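Make one complex out of these two single chains by using the hints.
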Amino acid sequence: QVQLVQSGAEVKKPGASVTVSCRTSGFAFTHYFMHWVRQAPGQGLEWMGWINPLTGATNYAQKFQGRVTLTRDTSISTDYMELSSLKSDDTAVYYCARDELGFDPLDLWGQGILVTVSS
Amino acid sequence: QSLLTQPPSVSAAPGQTVTISCSGSSSNIGNNYVSWYQQLPETAPKLLIYETNKRPSGIPDRFSGSRSGTSATLVITGLQTGDEADYYCGTWDSSLSLLFGGGTKLTVL
Chain H
1 QVQLVQSGAE VKKPGASVTV SCRTSGFAFT HYFMHWVRQA PGQGLEWMGW INPLTGATNY
61 AQKFQGRVTL TRDTSISTDY MELSSLKSDD TAVYYCARDE LGFDPLDLWG QGILVTVSS
Chain B
1 QSLLTQPPSV SAAPGQTVTI SCSGSSSNIG NNYVSWYQQL PETAPKLLIY ETNKRPSGIP
61 DRFSGSRSGT SATLVITGLQ TGDEADYYCG TWDSSLSLLF GGGTKLTVL
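These protein sequences, in sequence, are chains H and B. Residue numbers for the first sequence follow our numbering, beginning at 1 and rising by one. Residue numbers for the second sequence follow our numbering, beginning at 1 and rising by one.
Be careful, since some hints might not be right.
Simulated crosslink set (DSS-like; lysine-lysine; CA at most 27 Å straight-line) [to be verified]:
#1 B/K54 x H/K63
#2 H/K87 x H/K12
#3 H/K13 x H/K87
#4 H/K12 x H/K63
#5 B/K46 x B/K105
#6 B/K105 x H/K63
Chain B side only, calculated, beta carbon under 8 Å to chain H, not exhaustive [what the hints assert, rightly or not]:
#7 P14
#8 W92
#9 G103
Derived coverage of chain H by chain B (criterion: at least 3 residues anywhere in the stretch with Cβ under 8 Å from a Cβ of chain B; other residues may be distant) [as the list claims (entries may be wrong)]:
#10 18-30
#11 77-85
#12 94-105
#13 113-119
Quick caveat, the hints were computed from the structure, so don't treat them as lab data. A quick note: this is a predicted structure, and the numbers were derived from the prediction, not measured. From the three backbone atoms N, C-alpha and C, an ideal C-beta is built for every residue, glycine too.
Bound-form chain B, shown alone (with noise of 0.2 Å):
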């Protein structure tokens, strides 16, 4: 059971917003960065957003992050077929372990 929590689903249709949110607690989430990456289906993960709310080079400013306390969320705005994927996020935790969320699976009905 993973620290991070996720929905493990969450849907919308093309064009439209969807959020996903990753809770935690002080010994993670509350005090470091977090970073979201995308899986698409067979392919290994790629960094979506780092530091809590900065996207890599090449990410669309259609993908945003944000933290308050201690969860942190996701947000994708004008939705794409290409954005069905799973998400997750992840942290340091106290413990000097990469955590990872368990993962958001996004539907684009």
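In isolation and in its complexed conformation, chain H is listed as follows (with noise of 0.2 Å):
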């Protein structure tokens, strides 16, 4: 089955890092970029960036350049998205999201993950 599911929820403190992992499955995992996107309570979808599976580049939206990495793991066709020194207004839903060249649609979505960044 053609899927990405991503882990579980996150309670993180302000100023910790936290780590989202999405595991493909039914395609090549090398052949589509993978996306992080992510959408705060009540509020819109927001870009985070992109990695390519085949040889790890990455882009990074401005905003978050310096405190988003992606990676990805293909023996285990997984990929992650740290984001650290988190504050409170990084409490959202974290999805990730494919796409065939890395500036195509996103046509696969994950489930999305609630991190919730709270004292």
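In structure tokens, the structure reads:
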């Protein structure tokens, strides 16, 4: 089955880091870029960046430069998003989503996971 | 504040037609394909339209997209109650960032 399955919800304190995983199945892992998009409660979609699973090259949104790190493990077809120096306004649902060439539409999304930042 | 502007909400009765606009600039919509995403309540977004006017497999032809200059439009005909959702436009910017509109909440009266 073609799908993206994300890890479970997280609760973190301000200043901490969080790592979210996105396990892929049903398609060739190295053929699709993986994007990360977040959605704060009651807000719209915000793109964070993508990773080329073949080369590991990344493209980050300027807003998250220096705070986000995207990595992948091709041996288990899984992508990771680490966000550091967490603040309360990082509380959001984080989605992974794939695209074929890096600048294509996002045609498959993970279920999303809630990251809550609270003291 | 998003670089792509959408109306916060639209509404129409079942069976009617609704349009959702997405206004950008020459650095994004004016020179790139536009996608539209549908987000039903409490679910992940789903690709609805890609390359401005194409539908993925399984998307009914009641949904259509177009572009004129630096604006794009999503049209939904024959509205159904199941179409109640948030709709987002998306496109790439010359800064190599993916932009989303602020989203439009569709209410089927």
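For each hint, the structure was consulted:
Annotation: proposed proximity of B/K54 to H/K63 is violated, straight-line Cα distance about 31 Å (limit 27 Å). Between H/K87 and H/K12 the CA atoms are separated by roughly 9 Å; this keeps the pair inside 27 Å, and the hint holds. Our distance criterion of 27 Å between C-alpha atoms is met by H/K13 and H/K87, whose separation comes to about 8 Å. With a C-alpha separation of about 21 Å, the suggested pair H/K12 and H/K63 falls inside the 27 Å cut-off, and the hint holds.
With a C-alpha separation of about 15 Å, the suggested pair B/K46 and B/K105 falls inside the 27 Å cut-off, and the hint holds. Our distance criterion of 27 Å between C-alpha atoms is met by B/K105 and H/K63, whose separation comes to about 26 Å. Below 8 Å, beta-carbon pairs count as interface contacts, and B/P14 has none with chain H, the closest being about 26 Å; its hint is therefore violated. Satisfaction of the interface hint for B/W92 is found here, the shortest Cβ-Cβ separation to chain H being roughly 5 Å, below the 8 Å cut-off.
Interface restraint check: B/G103 against chain H, minimum CB-CB distance 4 Å, threshold 8 Å, status holds. Counting residues of the segment 18-30 of chain H whose CB falls under 8 Å from any CB of chain B gives 0; the rule of at least 3 is not met. Figure legend: the segment 77-85 of chain H, annotated as covered by chain B; annotation inconsistent (0 residues with Cβ-Cβ distances under 8 Å, at least 3 required). For the segment 94-105 of chain H, the stated coverage by chain B is satisfied: 5 residues place a CB nearer than 8 Å to a CB of that chain, which reaches the threshold of 3.
Coverage of a stretch by a chain is defined here by at least three residues with a beta carbon nearer than 8 Å to that chain's beta carbons; for the segment 113-119 of chain H and chain B the count is 0, and the condition is violated.
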